[in-house]
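**Q** Single-letter residue listing:
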Amino acid sequence: MDILRFATAGSVDDGKSTLIGRLLYDTKTVFADQIEAVERVSAERGEERVNLALLTDGLRAEREQGITIDVAYRYFATPQRKFIIADTPGHIQYTRNMVTGASTADLALVLVDARKGIIEQSRRHAFLATLLQVPHIVLCVNKMDLVDYSQEVYNAIHEEFKAFATKLRIPDLTVIPVSALNGDNVVSRSENMPWYEGTSLLHHLENVHIASDRNLIDARFPVQYVIRPQSDAWHDYRGYAGQVAGGVFRKGDDVIVLPSGFTSKVASVETADGEIDAAYPPMSVTIRLEDDVDVSRGDMICRPNNQPEVSQDIDAMICWMDEKAELRPGAKYAIKHTTRTARTIVKDLTYRLDINSLHRDESAGSLRLNEIGRVVLRSTQPLMADEYSRNRTTGGFILIDEGTNRTVGAGMITEAR
Amino acid sequence: MADAELSNYQLSQLDLLEAESIHMFREVIAEFERPVLMFSGGKDSIVMLKLAQRAFYPANIPMPVLHVDTGQNFPEVLELRDRLAAELNLQLIVGSVQEAIDNGSVVEPPDGTRNRIQTPVLLETLEKHRFQAIFGGARRDEDKARAKERVYSFRDEFGQWDPKNQRPELWSLYNGRTHVGESIRVFPLSNWTELDIWTYIEHEDIELPSIYYAHDREVVDRGGMLFAVNEFIVPKADEKVVTKRVRYRTVGDATLTAAVESDADTIDKVIEEVASTRVTERGATRGDDKFSEASMEDRKREGYF
Numbered sequence: 001m002d003i004l005r006f007a008t009a010g011s012v013d014d015g016k017s018t019l020i021g022r023l024l025y026d027t028k029t030v031f032a033d034q035i036e037a038v039e040r041v042s043a044e045r046g047e048e049r050v051n052l053a054l055l056t057d058g059l060r061a062e063r064e065q066g067i068t069i070d071v072a073y074r075y076f077a078t079p080q081r082k083f084i085i086a087d088t089p090g091h092i093q094y095t096r097n098m099v100t101g102a103s104t105a106d107l108a109l110v111l112v113d114a115r116k117g118i119i120e121q122s123r124r125h126a127f128l129a130t131l132l133q134v135p136h137i138v139l140c141v142n143k144m145d146l147v148d149y150s151q152e153v154y155n156a157i158h159e160e161f162k163a164f165a166t167k168l169r170i171p172d173l174t175v176i177p178v179s180a181l182n183g184d185n186v187v188s189r190s191e192n193m194p195w196y197e198g199t200s201l202l203h204h205l206e207n208v209h210i211a212s213d214r215n216l217i218d219a220r221f222p223v224q225y226v227i228r229p230q231s232d233a234w235h236d237y238r239g240y241a242g243q244v245a246g247g248v249f250r251k252g253d254d255v256i257v258l259p260s261g262f263t264s265k266v267a268s269v270e271t272a273d274g275e276i277d278a279a280y281p282p283m284s285v286t287i288r289l290e291d292d293v294d295v296s297r298g299d300m301i302c303r304p305n306n307q308p309e310v311s312q313d314i315d316a317m318i319c320w321m322d323e324k325a326e327l328r329p330g331a332k333y334a335i336k337h338t339t340r341t342a343r344t345i346v347k348d349l350t351y352r353l354d355i356n357s358l359h360r361d362e363s364a365g366s367l368r369l370n371e372i373g374r375v376v377l378r379s380t381q382p383l384m385a386d387e388y389s390r391n392r393t394t395g396g397f398i399l400i401d402e403g404t405n406r407t408v409g410a411g412m413i414t415e416a417r
Numbered sequence: 001m002a003d004a005e006l007s008n009y010q011l012s013q014l015d016l017l018e019a020e021s022i023h024m025f026r027e028v029i030a031e032f033e034r035p036v037l038m039f040s041g042g043k044d045s046i047v048m049l050k051l052a053q054r055a056f057y058p059a060n061i062p063m064p065v066l067h068v069d070t071g072q073n074f075p076e077v078l079e080l081r082d083r084l085a086a087e088l089n090l091q092l093i094v095g096s097v098q099e100a101i102d103n104g105s106v107v108e109p110p111d112g113t114r115n116r117i118q119t120p121v122l123l124e125t126l127e128k129h130r131f132q133a134i135f136g137g138a139r140r141d142e143d144k145a146r147a148k149e150r151v152y153s154f155r156d157e158f159g160q161w162d163p164k165n166q167r168p169e170l171w172s173l174y175n176g177r178t179h180v181g182e183s184i185r186v187f188p189l190s191n192w193t194e195l196d197i198w199t200y201i202e203h204e205d206i207e208l209p210s211i212y213y214a215h216d217r218e219v220v221d222r223g224g225m226l227f228a229v230n231e232f233i234v235p236k237a238d239e240k241v242v243t244k245r246v247r248y249r250t251v252g253d254a255t256l257t258a259a260v261e262s263d264a265d266t267i268d269k270v271i272e273e274v275a276s277t278r279v280t281e282r283g284a285t286r287g288d289d290k291f292s293e294a295s296m297e298d299r300k301r302e303g304y305f
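Chains A and B supply the protein sequences, listed in that same order. Numbered as in this note's numbering, the first sequence ends at 417 without a single skipped number. Numbered as in this note's numbering, the second sequence ends at 305 without a single skipped number.
The hints are simulated quantities; they were obtained by calculation from the structure and are not laboratory data. Computed from a predicted structure; not experimentally measured. We put the beta carbon where it would ideally sit given N, CA and C, even for glycine. Just so you know, not all the hints are guaranteed correct.
Simulated restraints, written as ranges between beta carbons of each label pair [claimed, not checked]:
1) D213/A <-> G224/B: 45 to 51 Å
2) K236/B <-> R189/A: 52 to 58 Å
3) I35/A <-> V242/B: 26 to 32 Å
4) S210/B <-> V310/A: 31 to 37 Å
Think about it this way: if two alpha-carbon atoms lie no more than 27 Å apart in a straight line, the pair counts; the simulated BS3-like pairs of lysine-lysine are [claimed, not checked]:
5) K347/A <-> K332/A
6) K269/B <-> K236/B
7) K164/B <-> K332/A
8) K269/B <-> K28/A
9) K324/A <-> K347/A
10) K265/A <-> K251/A
11) K265/A <-> K324/A
12) K164/B <-> K324/A
13) K50/B <-> K269/B
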């Protein structure tokens with residue numbers, strides 16, 4: 001059994017909470033006491049039916065205002081897979097949360113209301129999912145019961161979205177007609193839509209192939225921590241602990257340590273259980289080298305014939321996440337990229353992207369909360385940079401405001417130079 | 001493994017969860033000067049200890065462990081807590097609620113429950129030792145408020161959580177920056193479920209306090225919850241003491257943690273039971289979470305885990 005992480009996007013009106021509630025309920029994930037609590041609260045508030053959104057709204061303010069504030073994580077499992085849902089609110093002001101949820105997702109689930117079809121928000125969600133390089137996208141055409149399960153309605157939405165998707169270069173798109181309220185095509189195939197030849201949503205989630213989404217070509221091992229036991233038994237032990245970010249590492253491999261450029265060979269790849277044959281993403285292991293070279297946190301172990309760009313200058317797409325300060329050219333931030341932290345200055349804001357029209361505004365002078373743009377950064381130290389499209393771990397970074405300590409930006413490297 | 005096979009490899013869910021948790025442990029130890037691991041001797045904290053051990057092997061766990069003892073804990077749990085800390089060469093710091101009551105720094109509520117007064121004792125202990133990063137074993141599947149909490153949970157100088165002012169957390173990049181007095185609570189088990197915990201306990205052959213497995217015990221029924229009769233729970237005149245076959249799903253303060261009826265006396269039976277159960281572990285066993293729709297959120301805002 002493996003794990004599929006998926007992000008859901010949509011507003012309350014799309015029936016997102018109902019869909020998630022349905023998945024949790026039909027897979028027997030919602031517990032009796034949770035159902036009881038929701039029933040009790042719905043009744044106390046005089047609501048006519050059990051409000052499944054209460055299952056997913058966690059905070060007092062959310063329940064009081066009937067809105068979803070933040071990313072919530074939910075878990076369910078079937079005999080095939082364990083699922084982690086990053087449930088993100090869909091309103092425009094929460095682009096930040098959608099980006100956060102999508103950053104680790106294998107799949108993004110975009111919901112549309114069959115009566116309304118593709119709206120601005122659906123395009124925005126699909127765009128953010130592709131910006132974050134989520135490998136699989138599922139478009140759920142919901143509320144099919146309210147359009148008499150019409151194949152024509154479904155086909156029109158499907159066609160419209162496919163045309164839009166071509167512009168975004170979505171690697172894998174699946175479209176499923178559902179009724180979350182009635183459970184059509186959620187867990188099992190619906191008899192109400194005999195014209196639909198695909199699988200149910202859950203069946204798709206259980207079977208979508210994600211093993212090949214990982215980068216097994218470019219060997220990347222950001223060193224997190226140097227293990228040096230202060231004990232007599234392990235006196236000369238020196239191991240480099242980290243999580244494999246790409247490729248495969250084996251004993252005997254020629255390696256280069258960046259940015260220093262020292263070369264050596266892998267003496268062993270280890271876990272607490274002892275030596276292992278090979279390490280691949282996202283395994284947490286310890287690598288030992290044959291030579292006593294200088295390696296510390298923030299360095300990256302790679303193969304000599306396949307190296308990332310080692311550069312202080314990068315171009316990147318930034319999603320700005322701070323309510324208070326704006327990103328402006330000339331501003332300085334802390335940058336955290338893999339295990340390396342440096343300082344960086346915004347040399348240029350190349351353009352701001354209108355995420356609805358995809359129009360590039362080259363005259364923009366700043367990025368505000370939830371805005372996305374392309375920037376040129378110069379850092380105090382070289383970064384071992386891959387394009388984000390090639391590797392989400394070695395291509396992603398965050399910007400931190402050094403005064404407030406807040407995480408203010410999420411960055412995706414487009415080019416190192 | 002041949003390269004062709006490699007392109008189809010899958011890590012099991014336990015391997016994935018463990019790899020992610022070990023990454024979190026290493027990040028914190030690499031970036032913070034004064035980390036500490038909350039350790040009560042309960043199952044989640046024992047799993048935390050195991051993960052920490054595996055993250056830094058063959059070195060020892062590079063931080064002390066801390067328990068806030070309400071003075072009303074099960075002896076089996078405290079015994080294992082002390083033994084594990086000694087075996088692993090760990091400094092065990094105990095923040096004592098009883099001492100705090102005795103010296104007047106907190107006041108015991110009239111009903112004798114000590115959950116709420118744990119928090120000031122925790123905060124005082126953290127402050128005294130100037131801990132900046134505090135590992136906790138909380139999981140997001142436990143509670144609705146926890147479902148929204150970050151892996152690195154930023155706390156102000158009062159240890160308080162502000163759900164509306166959380167740092168975005170992307171990829172596996174964690175922002176642990178703090179000003180003096182502020183701290184980060186770190187939750188490496190965020191993405192684990194109760195069933196994952198038990199499967200891992202089985203997989204790694206981890207020893208737990210015996211009370212997690214079915215045993216006969218004298219209990220009283222209070223509002224549908226079975227509380228053990230012992231020095232902390234004295235039956236009231238109208239309460240009937242009965243002997244039942246029970247086990248604990250969670251372990252905390254004896255006055256607040258209830259047992260569930262169960263025949264699961266082995267790990268395999270417990271896993272089977274957890275896999276088929278229809279009630280959350282906190283809902284079944286924790287008096288402290290029943291007070292209101294938002295009781296966990298309120299306690300977190302005050303500085304609780």
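**Q** All hints, please: hold or fail.
**A** Now for the hints, and whether the structure bears them out:
no.: 1; hint: D213/A <-> G224/B: 45 to 51 Å; result: 47 Å, holds
no.: 2; hint: K236/B <-> R189/A: 52 to 58 Å; result: 56 Å, holds
no.: 3; hint: I35/A <-> V242/B: 26 to 32 Å; result: 29 Å, holds
no.: 4; hint: S210/B <-> V310/A: 31 to 37 Å; result: 55 Å, violated
no.: 5; hint: K347/A <-> K332/A; result: 9 Å, holds
no.: 6; hint: K269/B <-> K236/B; result: 34 Å, violated
no.: 7; hint: K164/B <-> K332/A; result: 26 Å, holds
no.: 8; hint: K269/B <-> K28/A; result: 20 Å, holds
no.: 9; hint: K324/A <-> K347/A; result: 21 Å, holds
no.: 10; hint: K265/A <-> K251/A; result: 8 Å, holds
no.: 11; hint: K265/A <-> K324/A; result: 48 Å, violated
no.: 12; hint: K164/B <-> K324/A; result: 14 Å, holds
no.: 13; hint: K50/B <-> K269/B; result: 22 Å, holds
Of the numbered hints stated above, those contradicted by the structure are hints 4, 6, 11, listed in ascending order.
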